[in-house]
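Protein chains in written order, with the working numbering: chain A, 1 to 515; chain B, 1001 to 1361.
The hints are simulated quantities; they were obtained by calculation from the structure and are not laboratory data. All values reported here derive from a predicted model rather than from experimental measurement. Ideal placement from N, C-alpha and C gives every residue a C-beta, glycine not left out. Check before you lean on any hint, since a few could be wrong.
[Claimed, not checked] BS3-like mimics (lysine-lysine), calculated; alpha carbons at most 27 Å apart, straight line:
#1 Lys455(A) / Lys472(A)
#2 Lys487(A) / Lys472(A)
#3 Lys1350(B) / Lys412(A)
#4 Lys1028(B) / Lys438(A)
#5 Lys1352(B) / Lys164(A)
#6 Lys455(A) / Lys487(A)
#7 Lys438(A) / Lys455(A)
#8 Lys412(A) / Lys1352(B)
#9 Lys1352(B) / Lys438(A)
[Stated by the list, open to error] Derived coverage of chain A by chain B (criterion: at least 3 residues anywhere in the stretch with Cβ under 8 Å from a Cβ of chain B; other residues may be distant):
#10 283 to 296
#11 428 to 437
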Amino acid sequence: MGLIEKVFSLLEPAHWGVHPADRKRPAADVPVRGLPLPARLYVPLQQHIGAAARPVVLFGQTVLKGQLLAEAQGATSAAVHAPTSGIVSAIGDISAPHPSGLSFPAVTIEADGDDRWADAGIAVDPFGLPPQEVATRVAAAGVVGLGGATFPSALKLGLGLRAKIHTLIINGGECEPYLSCDDRLMRDAPDEIVDGIRIMLHATGATKALVGIEDNKPEAIAAMTAAARDFPAIRIASVPARYPMGSEKHLFSALTGQEVPADGRTTDLGALVHNVGTAWAVHEALRQGRPLVERIVTLNGGAIDMPGNIRVPVGALVADVLAFVGLKTEPARLVMGGPMMGNRLPHARVPVVKGTSGILALTANEAAQLDPGPCIRCSSCVRACPVGLLPLEMSARIGIDDLNGAVAFGLKDCIACGCCSFVCPSRIPLVHYFNHAKGELAAQGRAQLRNESAKRLAAARIERLARDTQEKAAAAARRKAERAAQKAAEKAAAGTTAAGAAAEAAQQASKEVVA
Amino acid sequence: MSAALPPGIPVAAPHAHAGGSVRRVMAKVMLALLPATLYGFWLYGWPAFHLFMFTIMFALCGEAFALRLMRRPVAPMLLDGSALLTGWLLALSLPPWAPWWIGALGGLFATLVAKQLFGGLGHNLFNPAMIARVALLISFPVPMTLWVAPLPLGSVGAPDFVAGLQITLAGIPQLDAVTSATLLGHAKTELSRGIDLLHAAANAPALSYIGDRAGSLGETAALLIAGGGIALIFMGVISWHIPFAMLAGIALPAFIGHAIEPARYLDVATHLLSGAVLLGAFFIATDYVTSPNTRRGQLVFGAGCGLLTWLIRTYGGYPEGVAFAVLLMNALTPAIDRLVKPRIYGRDRKGKPREPAAAKT
Ligand code: SF4
Ligand code: SF4
């Protein structure tokens, strides 16, 4: 087997992922501009994975920039802060950045224009704090993963303490086409990022950090290498530009040569992955005492007049940002995030959130048009899949509603990267099918859980009723026996045979109980 | 997917596409076939051209008829080019001066039965062109094995447009004058008459690299076919795995056999350059629909096609075995696909999660 395996691996070099046209420049080379403060900001209470935050401000209340608007609620949640100073003019539902256009709870702030910061906490040396305290402060600043997954960062740091992390992997891959916000951040604020990485090393107890940056960003690599020169624990590594290099597991593999076991996490192998933007936010939180209330967003796409990276307060409407950069033509499609995994926006009246890496206004030529044809089994999708799945087989199973068949082909290992749809010559929306099927499976799982608990409850009820009747019968029998015993006692004077009758009666009663 | 948003609503990501389409794939394949086809027209003259046209026309008609019958949109499906390509490949594998009804029946059979009856594009288990060819060979062995020596356009005695049409419609006049055996056919006949190959070679049709010998369009233009195939590899339409494995699957046993007993076994060059080997290796075995979907499976598949071709040619009743070999391997494709799957990230080949063994370092 070993030899055959060797021969085969020579004949078919490992290959995964796709090389989409990156279209990052010229937007990536334009200096960052700040968005003029909009009159009103709509701050969603849920900008992260987990439970929505609970509002702690009141209608009409005056807030300062950076003031807590809503606190984390539950084990997985993140705090939300005011992106500017002003008055809370509404707490309620607004439209969310999602194709459904479903509404979403948010705090609306009428900006007063002063953009006045709340008093920052007294600056302390983060390295003098115990690691747990660093995580607490990161949590208090509402920092979430800025790579798009928006997992609360403090939880991840805490995970690091528990899971014996030795390596911190910093994701500077930014493999999505069009986007350059991380690139820009690394070019403009490498020292802050490196400082954030050092703080995270301290917070997790890891001994080294590997920063993976795709080789299509030479300026970022140079800037980061210069900034990390004095810190031997931090190594800047160039990785080949290839989508989805920014996937946690793939970046981890590219940097360490190891593979994360299925159903496992990088933490099982002692590595924790954070985004460069998160490192920057950690620096801001610990050194400046500033919560995460703004971020850099890439504005790109053929319909945009002046593409580039914009510093945007959380809660600003996409429409505000688009107005700032200008539109050349009416965009055929608005996308929040990158073109490979981003969400299509129903309209521009949705707010920018912490996880918004980019806003794309695509022309009809750029936006992929779907006109699905039959699968010609060309196996392009098989070669493109970074996970080694058979998308054509999975979609065929899903097409006939055989979800278990799709799972047998690895549906649950699918990372929804979209490589398969990207290459499919028949334009089959494969990843869309997979997401749909996963949702279906999750719903089935929930329904099954519900059924099971209902069954458990019913069974418990039947048992209880049975026990009740049994107990009642026992009690009745006991009373009967008692009465019989009493009668027997009354007759006791009459002779010794009565005692035998009493014993008999008692025995009979106990038999009834058993029956 | 960002779970910060309400789940369960369709998200049509990705918003970008690599830009390929089925039509473009088919067009590239046809482009790669064009030089060999044009050369074949020149070599065999107008009859070859007419037969080609008949075959393609009827292939398209079969497809359109089936689509109409199933109330599917005819125009877009017809325009994807797959039926055109099927007819084209079939035409290249026919005797160039075969009568029109051979091409017509073959074309109809290929698209109507071998493709649409199985469910249309992407659902057929067997390569339609090869099924049609084999069906014709079994049903009409005489016209399907009647080969003519090349009579290039413009040479003395070459039929003009009208005479060519007459040949295609009404048959070949003075049969003996122009027919000739293919190299493989000659070898088979001589062997069966008890004459060994060393003696048979003396009066055999010469092996010609430029196609100066009897055969189908796809056979005689061997080098142009190979060139087109290599171009396809560079265009990224096909990968080298199937052609390489198939050629190796023929060359290896041929080399060994010929080295041991040259009087009994044909040499490597004859095997590779005659019959439909090159057309089969680059254009037919590589058919997406009917070949395995992993690189590894494709190597197995190609090697099987090659080996079977050699076995049929050497020990079977037919002088040529490419079509049979490809069809047999087509039948095995689902099994190969079931057995040979890509390794999933984080799992071993059997699908079990990998041990986090190398956790240290
Ligand atoms: S979306 Fe899933 S199946 Fe498609 S390429 Fe990505 S991981 Fe593979
Ligand atoms: S890329 Fe599309 S057409 Fe090709 S095998 Fe995959 S699903 Fe089928």
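Structure-based check of all given hints:
For the hint pairing lysine 455(A) with lysine 472(A), the CA-to-CA distance comes to about 26 Å; that is within 27 Å, so the pair holds. Note on lysine 487(A) and lysine 472(A): the hinted pairing holds, with a Cα-Cα distance of about 23 Å set against a maximum of 27 Å. A threshold of 27 Å between alpha carbons decides the hint, and for lysine 1350(B) with lysine 412(A) the separation of about 16 Å falls inside it, so the pair holds. Taking the CA atoms of lysine 1028(B) and lysine 438(A), the gap is near 37 Å; set against the 27 Å cutoff, the hint is violated.
Proximity of lysine 1352(B) to lysine 164(A) is assessed by CA-CA distance (about 25 Å); at most 27 Å being required, the pair is judged to hold. A C-alpha spacing of about 48 Å is found between lysine 455(A) and lysine 487(A), which places the hinted pair above 27 Å, so the restraint is violated. For the hint pairing lysine 438(A) with lysine 455(A), the CA-to-CA distance comes to about 25 Å; that is within 27 Å, so the pair holds. Between lysine 412(A) and lysine 1352(B) the alpha-carbon distance is near 13 Å, which keeps this suggested pair within the 27 Å criterion.
A hinted pair counts as satisfied when its Cα atoms are at most 27 Å apart, and lysine 1352(B) with lysine 438(A) qualifies at roughly 21 Å. Closer than 8 Å: that is the beta-carbon criterion, and the stretch 283 to 296 of chain A has 0 residues meeting it against chain B, so the requirement of 3 is violated. Counting residues of the stretch 428 to 437 of chain A whose C-beta lies closer than 8 Å to any C-beta of chain B gives 5; at least three are required, and the coverage claim holds.
Of the numbered hints given earlier, the model fails hints 4, 6 and 10; all others are met.
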